[in-house]
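Produce the complete structure using the sequences and hints provided.
Quick note: the sequence shown uses my numbering, first residue 15, plus one each step.
If you are wondering where the hints come from, they were derived from the structure by calculation, not from laboratory data. What you are looking at is a predicted structure, and each value in this text was computed from that prediction instead of being measured. Every residue, glycine too, gets a C-beta built ideally from N, C-alpha and C. Hints should not be assumed to be uniformly reliable.
As the list claims (entries may be wrong) - Below, a list of computed lysine-lysine pairs in the BS3-like style, where the Cα atoms sit at most 27 Å apart:
(1) K56 to K30
(2) K56 to K67
(3) K56 to K37
Unchecked claim - Estimated spans, in silico, between C-beta atoms of each pair:
(4) Y25 to T65: 30 to 38 Å
(5) G38 to I71: 36 to 44 Å
(6) S28 to G74: 48 to 56 Å
(7) V33 to I75: 39 to 47 Å
(8) S29 to S70: 41 to 49 Å
(9) E63 to S21: 18 to 26 Å
(10) M55 to Y25: 18 to 26 Å
(11) S29 to L66: 37 to 45 Å
(12) Y25 to L59: 24 to 32 Å
(13) Q68 to K30: 35 to 43 Å
(14) S28 to L64: 33 to 41 Å
(15) E40 to A61: 21 to 29 Å
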Amino acid sequence: MDSDQQSRLFYRDSSKEVVVLRKGLEIARYRTSRELIEVHMKGMLAAKELTLKQMSILHGISSGID
15 MDSDQQSRLF
25 YRDSSKEVVV
35 LRKGLEIARY
45 RTSRELIEVH
55 MKGMLAAKEL
65 TLKQMSILHG
75 ISSGID
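Okay, here's the thing in structure tokens:
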């Protein structure tokens with residue numbers, strides 16, 4: 015795999031920030047690893063809710079999420 019196409023995650027030594035790179039570009043920066051995890055979990059839950067809403071519309075069923 016070409017290294018330019020890999021995602022990378024690393025800690026900044028001086029500030030303890032967590033930096034996420036994609037294709038060599040910084041795409042996110044978090045104050046702590048805990049913040050990264052919290053944001054990721056919230057994103058996963060939001061994506062799940064969106065998928066359930068889309069499925070309920072497609073199939074005409076209630077997902078219980080409004």
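- Message: For the hint 33 to 41 Å, verify it against the beta carbon of S28 and that of L64.
- Response: 38 Å, holds
- Take a look at whether the Cβ-Cβ distance between Q68 and K30 falls inside 35 to 43 Å. 38 Å Cβ-Cβ, so the 35 to 43 Å window holds.
- Measure nothing beyond the straight line between the CA atoms of K56 and K67; if it is 27 Å or shorter, mark the hint as holding. Given pair K56, K67 holds - Cα atoms ~17 Å apart, limit 27 Å.
- Item | M55 versus Y25 beta-carbon gap, inside 18 to 26 Å or not | For Y25 against M55, whose Cβ atoms are near 20 Å apart, the range 18 to 26 Å holds.
- Query: At the C-beta level, are E40 and A61 separated by a distance inside 21 to 29 Å?
  - Reply: Between E40 and A61, where Cβ atoms are some 23 Å apart, the hint holds.
- Range hint 39 to 47 Å: satisfied by the CB atoms of V33 and I75? 42 Å, holds
- Message: For the hint 24 to 32 Å, verify it against the beta carbon of Y25 and that of L59.
- Response: Holds - the Cβ-Cβ distance for Y25 and L59, about 26 Å, lies within 24 to 32 Å.
- Task: Please test the hint of 36 to 44 Å on the beta carbon pair from G38 and I71.
- Result: 39 Å, holds
- Holds or violated: 37 to 45 Å for the Cβ distance of S29 and L66? Between S29 and L66, where Cβ atoms are some 38 Å apart, the hint holds.
- Look at the Cβ atoms of Y25 and T65 and judge whether their distance stays inside 30 to 38 Å. 32 Å, holds
- Item | Outcome for the supplied range 48 to 56 Å, where the beta carbon pair is S28 and G74 | Holds, at about 55 Å.
- Quick one, are K56 and K37 close enough, alpha carbons at most 27 Å? The given pair, whose Cα atoms are some 24 Å apart, holds under the 27 Å limit.
Figure legend: structure checked against the earlier numbered hints; every hint is met.
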